[in-house]
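Novice: As a plain string of letters, each chain reads:
Protein chains: 2
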Amino acid sequence: MTSKKEKLSTEPYKGVRDFYPEDQAFFNYLLATYRSVAERFGYVEYHASILEPSDLYKSKGAENEEMVNEQTYTFVDRGQREVTLRPEMTPTVARMVAARRRELGFPLRLFSIPNVFRYERPQRGRLREHWQLNVDLFGSKSLAADAESIAVAADIMRAFGATEDDFEIRIGSRTFLNNFLKEKGLDEERGRKFITLLDRRSKISAGDFHTQMHELGIDAPSFDQLPVPSDVAEVIELVRSLGIHNVRFDSSIVRGFAYYTGVVFEVFDTHPDNNRALFGGGRYDNLTALFDDEPITGVGFGMGDVTMRDFLEVRGLLPAYLPPTKLYIAVASVENVPDALTIAQELRAQGVAVAVDFGDKKLADQIKAATKHRVPYLLIVGQNEVTSNTFAVRDLTSGSETKLSRKDLASFFLSL
Amino acid sequence: MTSKKEKLSTEPYKGVRDFYPEDQAFFNYLLATYRSVAERFGYVEYHASILEPSDLYKSKGAENEEMVNEQTYTFVDRGQREVTLRPEMTPTVARMVAARRRELGFPLRLFSIPNVFRYERPQRGRLREHWQLNVDLFGSKSLAADAESIAVAADIMRAFGATEDDFEIRIGSRTFLNNFLKEKGLDEERGRKFITLLDRRSKISAGDFHTQMHELGIDAPSFDQLPVPSDVAEVIELVRSLGIHNVRFDSSIVRGFAYYTGVVFEVFDTHPDNNRALFGGGRYDNLTALFDDEPITGVGFGMGDVTMRDFLEVRGLLPAYLPPTKLYIAVASVENVPDALTIAQELRAQGVAVAVDFGDKKLADQIKAATKHRVPYLLIVGQNEVTSNTFAVRDLTSGSETKLSRKDLASFFLSL
Numbered sequence: 003m004t005s006k007k008e009k010l011s012t013e014p015y016k017g018v019r020d021f022y023p024e025d026q027a028f029f030n031y032l033l034a035t036y037r038s039v040a041e042r043f044g045y046v047e048y049h050a051s052i053l054e055p056s057d058l059y060k061s062k063g064a065e066n067e068e069m070v071n072e073q074t075y076t077f078v079d080r081g082q083r084e085v086t087l088r089p090e091m092t093p094t095v096a097r098m099v100a101a102r103r104r105e106l107g108f109p110l111r112l113f114s115i116p117n118v119f120r121y122e123r124p125q126r127g128r129l130r131e132h133w134q135l136n137v138d139l140f141g142s143k144s145l146a147a148d149a150e151s152i153a154v155a156a157d158i159m160r161a162f163g164a165t166e167d168d169f170e171i172r173i174g175s176r177t178f179l180n181n182f183l184k185e186k187g188l189d190e191e192r193g194r195k196f197i198t199l200l201d202r203r204s205k206i207s208a209g210d211f212h213t214q215m216h217e218l219g220i221d222a223p224s225f226d227q228l229p230v231p232s233d234v235a236e237v238i239e240l241v242r243s244l245g246i247h248n249v250r251f252d253s254s255i256v257r258g259f260a261y262y263t264g265v266v267f268e269v270f271d272t273h274p275d276n277n278r279a280l281f282g283g284g285r286y287d288n289l290t291a292l293f294d295d296e297p298i299t300g301v302g303f304g305m306g307d308v309t310m311r312d313f314l315e316v317r318g319l320l321p322a323y324l325p326p327t328k329l330y331i332a333v334a335s336v337e338n339v340p341d342a343l344t345i346a347q348e349l350r351a352q353g354v355a356v357a358v359d360f361g362d363k364k365l366a367d368q369i370k371a372a373t374k375h376r377v378p379y380l381l382i383v384g385q386n387e388v389t390s391n392t393f394a395v396r397d398l399t400s401g402s403e404t405k406l407s408r409k410d411l412a413s414f415f416l417s418l
Numbered sequence: 003m004t005s006k007k008e009k010l011s012t013e014p015y016k017g018v019r020d021f022y023p024e025d026q027a028f029f030n031y032l033l034a035t036y037r038s039v040a041e042r043f044g045y046v047e048y049h050a051s052i053l054e055p056s057d058l059y060k061s062k063g064a065e066n067e068e069m070v071n072e073q074t075y076t077f078v079d080r081g082q083r084e085v086t087l088r089p090e091m092t093p094t095v096a097r098m099v100a101a102r103r104r105e106l107g108f109p110l111r112l113f114s115i116p117n118v119f120r121y122e123r124p125q126r127g128r129l130r131e132h133w134q135l136n137v138d139l140f141g142s143k144s145l146a147a148d149a150e151s152i153a154v155a156a157d158i159m160r161a162f163g164a165t166e167d168d169f170e171i172r173i174g175s176r177t178f179l180n181n182f183l184k185e186k187g188l189d190e191e192r193g194r195k196f197i198t199l200l201d202r203r204s205k206i207s208a209g210d211f212h213t214q215m216h217e218l219g220i221d222a223p224s225f226d227q228l229p230v231p232s233d234v235a236e237v238i239e240l241v242r243s244l245g246i247h248n249v250r251f252d253s254s255i256v257r258g259f260a261y262y263t264g265v266v267f268e269v270f271d272t273h274p275d276n277n278r279a280l281f282g283g284g285r286y287d288n289l290t291a292l293f294d295d296e297p298i299t300g301v302g303f304g305m306g307d308v309t310m311r312d313f314l315e316v317r318g319l320l321p322a323y324l325p326p327t328k329l330y331i332a333v334a335s336v337e338n339v340p341d342a343l344t345i346a347q348e349l350r351a352q353g354v355a356v357a358v359d360f361g362d363k364k365l366a367d368q369i370k371a372a373t374k375h376r377v378p379y380l381l382i383v384g385q386n387e388v389t390s391n392t393f394a395v396r397d398l399t400s401g402s403e404t405k406l407s408r409k410d411l412a413s414f415f416l417s418l
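First to last, the sequence lines map onto chains A and B.
Numbered per this note's numbering, the first sequence finishes at 418, counting up by one with no gaps.
Numbered per this note's numbering, the second sequence finishes at 418, counting up by one with no gaps.
Hints were generated in silico from the structure; no laboratory data involved.
Computed from a prediction, not measured in an experiment: that's the story for all the values here.
Check before you lean on any hint, since a few could be wrong.
For identical chains, the list gives no copy identity; a pair is met inside one copy or between any two copies.
Stated by the list, open to error - Cross-link-like lysine-lysine pairs, in silico, BS3-like; alpha carbons within 25 Å at most:
(1) K370 to K405
(2) K60 to K9
(3) K363 to K374
(4) K205 to K195
(5) K184 to K143
(6) K363 to K143
All chains should be modelled from the sequences, with the hints used to inform the complete structure.
Specialist: Now the structure itself:
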């Protein structure tokens, strides 16, 4: 090898992210928050490989065939199998539930936090890979299941520190929309146009919306004033009984075409600069029908890590970074390394997270390293400290020092 | 859509696994154990996408070009970029460290628990996808760093409940082997054969090993009796000072060709039926040189989830499965669902994980569902219970019941 060899780029692959310790710490906070709320509602975690047979995404008709070909990472393996990096988790969980429907008890509550891939132009909030909480309840037709799903979503928002003023839950109904289409006598094509128009409503002007509704023979103001349908009314009442009040009927909520068959909802950011849907979900009734003839009803939602991070950032709700390491031990000279190791190991045995510097650099540079790592406390091991058995613990933020005997070190850190 | 449509298989893609709740619970236990030990030693977590530019794996010469072409998932994306699903994490972490070498402090301690992919025939313990703890320390030439790496490995084994009798740490040295090759006057090709032979030692018979060593002009018994080299002796002494005693020099430990340049180690299962290396690691000195001209020394190890699970299973160290859900609320009739929801929400507010049945099925079947979910306690909400404000909490394992007033429910579960 020659030193003149061309050097490799340190950039990650286009549209995906590296998670350095600060990014990963936020990600772990996200996971822990998702997990704790989902588990409180009786959901249990599952997971699967990102690799799925491509057929899993093609089976829903021509529209999906196009999606698989153009918007996913799909390739042929050496065994001539067509493989896709999952673009969403719902088909996977439907596959897993169908595979063990006899052993699994229903209602079945499942959650997962998978990464999903979309082949698209990277842009803010639309990377090629993101992580997505998926919360699903299978096997109950009760509207209480729809209400619970919304309650889990709301409790996650609160667990992140959002108040009821920060977001609003808008509930719609596919049943209501289907009835409305029938009443208005819209054919299948015009019905599809209507649903697509509703789904795009927040992205177009009020004027355009009215015009396009008019072209479909619908008066937009009257549509917006339609009474709350009975399924939505019942869900809203149950959600309120669960202590969640920032919820209302919105006749325009449709959640696109895919899957949904009943009550649907979206969680909206109420921030004036970002009044958009953060995430949503709803009821779907026939996903497992791809695998066998007995469909299992499901209700659930998904939320992405990038959207959530943006929301928390704008609201000032991002937690400050603190490494798990509590103490950095620097050494006056390499001769002190064995003592530093022993002291560190004593502290670890009592549950204190400790990093040791092995003295490759001089003391001032060791302290700089501790600061770069954002470790809150520093202790220097030198001959004097070892002989006197007394150590000065330095708070690296304030600069203040506390003198402690060796046996008192652990309790100092454990009481922080 | 016709109901006679061909149904999709519920199998996952070949060679990868679905993680149902019990599998995921074990996986989470694995992650939590890895994390807690690594963090105690001052390591911080990072992560990256599974997608990497293929060049990352090709740059180490012809041998690797073959590996990339034949043993990885590599494909060309729509932008004509060659992409690989990472087969290992070390090149990724080297890339990330090189990208921010000015901002990161050294010594730098990093860990990650990524999934990695190999395109190979599925067999026991050798799936196409597995998860692998990676623990690396960058920027210290001190042998204390080598010792620390081994101590982290040993402490992970102990954290899983393994005793010093269950495993043995064997330490070798690439420096020692290189010196030995020079002394014996072996040329490059014979040197390579020698290293390969040592690496395959545990897979061939003692007789074959002796014969093949003899062909290289080396007397196997003398080789095995060589004195402990000074780097290994110092590492062993430091490791012992950290309270780890099941460690010894083994002149045959080489860890294959890739990366390693100094002290290397392997953790062996001492079980008579499975006396093999579980995992290992060592020092590598020039990985970041792919990206720039200033190499950063590293020392680290990787351990796979499948090997670890097999080890724990054989040793009877697998934890019993318990779902996070503590209580299952069944309802005498659908009229009781609103009360069940309110009681559940009260308990959740106090930190109890509760699942509610919405009464889609009769009571006996609701109880069966609770049992299938392995939830330990059951409570039935009916009109009598609501009126009397008294609930019978049933232990689903023993069948015993405890009568409690509504206000005492939370403390019952929190004191378990």
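Novice: For each hint, tell me whether it holds in the structure or not.
Specialist: Going through the hints against the structure:
| no. | hint | verdict |
| --- | --- | --- |
| 1 | K370 to K405 | within (21 Å within a copy, 61 Å between copies) |
| 2 | K60 to K9 | between (41 Å within a copy, 12 Å between copies) |
| 3 | K363 to K374 | within (15 Å within a copy, 59 Å between copies) |
| 4 | K205 to K195 | within (15 Å within a copy, 66 Å between copies) |
| 5 | K184 to K143 | within (23 Å within a copy, 76 Å between copies) |
| 6 | K363 to K143 | between (66 Å within a copy, 10 Å between copies) |
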